[in-house]
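Based on these hints, arrange chain B on the given structure of chain A.
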Amino acid sequence: MRAIVAALRELLSLFVDDASLVLAVLLWIVAVALVFSLRLIPAGLTAIAFPLGLAVVLAENALRGARHRRDRS
Amino acid sequence: MTAWAHAGPSVAAAFLASLVEFVEALTVVLAVAAVRGWRPALTGTGLGLGALALLVIVLGPALARIPLHLVQLAVGVLLLLFGLRWLRKAILRAAGIIPLHDEDAAFAAETATLRRGVDAVGIATAFKIVMLEGIEVVFIVVAIGAAGGLLVPAGLGAAAALLVVVALGAALHRPLARIPENALKFAVGVLLAAFGTFWTGEGIGIAWPGEDWAVVGLIAGFALFALATVPLCRARHAAPAEQGD
Chain A
1 MRAIVAALRE
11 LLSLFVDDAS
21 LVLAVLLWIV
31 AVALVFSLRL
41 IPAGLTAIAF
51 PLGLAVVLAE
61 NALRGARHRR
71 DRS
Chain B
1001 MTAWAHAGPS
1011 VAAAFLASLV
1021 EFVEALTVVL
1031 AVAAVRGWRP
1041 ALTGTGLGLG
1051 ALALLVIVLG
1061 PALARIPLHL
1071 VQLAVGVLLL
1081 LFGLRWLRKA
1091 ILRAAGIIPL
1101 HDEDAAFAAE
1111 TATLRRGVDA
1121 VGIATAFKIV
1131 MLEGIEVVFI
1141 VVAIGAAGGL
1151 LVPAGLGAAA
1161 ALLVVVALGA
1171 ALHRPLARIP
1181 ENALKFAVGV
1191 LLAAFGTFWT
1201 GEGIGIAWPG
1211 EDWAVVGLIA
1221 GFALFALATV
1231 PLCRARHAAP
1241 AEQGD
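Keeping their order, the protein sequence lines are chains A and B. Residues in the first sequence are numbered consecutively from 1, following the working numbering. Residues in the second sequence are numbered consecutively from 1001, following the working numbering.
This is chain A alone, in the form it adopts within the complex (with noise of 0.2 Å):
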């Protein structure tokens, strides 16, 4: 039982550094999965808007661990 809880959080440590960055990644998968579902905005902009998020998410993400870790110094 113990060698696969191991096994899971091993597993787990490939895919999960930070939990906010996962959490945020995830939340904004769903949320343009959503607004395309519906149609809310144009298929095209979603084509754009989905990396852009990503890409945003990533920045504020590394720029929070840049403050924490000079926060800790």
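Note that these hints are calculated values from the structure, not bench results. Only a predicted model underlies this, so the values are computations on that prediction, with no experimental measurement involved. For glycine and all other residues, C-beta sits at the position ideal for the given N, C-alpha and C. Treat the hints loosely; a few may be bogus.
[As the list claims (entries may be wrong)] Stretch-level coverage of chain A by chain B, calculated; a stretch enters the list once three of its residues show a Cβ under 8 Å from a Cβ in chain B:
#, segment
1, 22-34
2, 43-50
3, 54-68
Just chain B, lined up with the frame of chain A:
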């Protein structure tokens, strides 16, 4: 002769379409090999090919009926999370916030793990890319070959594409080994994030402008955005802490 003249377009179509998929897989497998070593890259590739072969044997003709968008969505999300995690660390390293070699202990553990022959990160990355691209190639071969009873010629076209790509990989792996480690990790993060975004988008149903060529735009976009984030992180790290910041 007539049969092959009839099969020619199918062979060419399967060759070209499979070539694109194999090159996409090669890009990531080479990056894994350069960053994590050949052992996990080849192990992941071998496991991916084995799982793919098993999938084809077990599922056979029913394979074409599995909704591709579900595979794309699942693998896309995993690759995206994986890639953004790498890219975030590479940005912080490039900004000097995480020293390039601050993870000596981790590196030692990594080396020990590699010596034991288990590198879950490298194997998983190579495995996923080979599986996904392989499934796409199977779909391509089935789609091109099934209609006219040309599965064998279409399969041969795909096999020829695989040989071309393997030769390309053999030629390219040495120049790649000379690139600095963090630059490679940065590039791998960009690639995984771009492919992950592409496949997640495909899974959602987004019609990418330029279809498969959109991946090139995504790679360029993520690279530019990540590079622009590096000086911002450096400035944020260097700025004096303010109240409420």
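How the hints compare with the structure:
Here the segment 22-34 of chain A counts 6 residues with a CB under 8 Å from a CB of chain B, which clears the bar of 3, and the coverage holds. Coverage of the segment 43-50 of chain A by chain B holds. Counting CB-CB distances below 8 Å, 5 residues qualify, and the rule asks for three or more. Judged by the Cβ-Cβ criterion of 8 Å, the segment 54-68 of chain A is covered by chain B as claimed, because 11 of its residues qualify and three suffice.
The earlier numbered hints are all upheld by this structure, with none contradicted.
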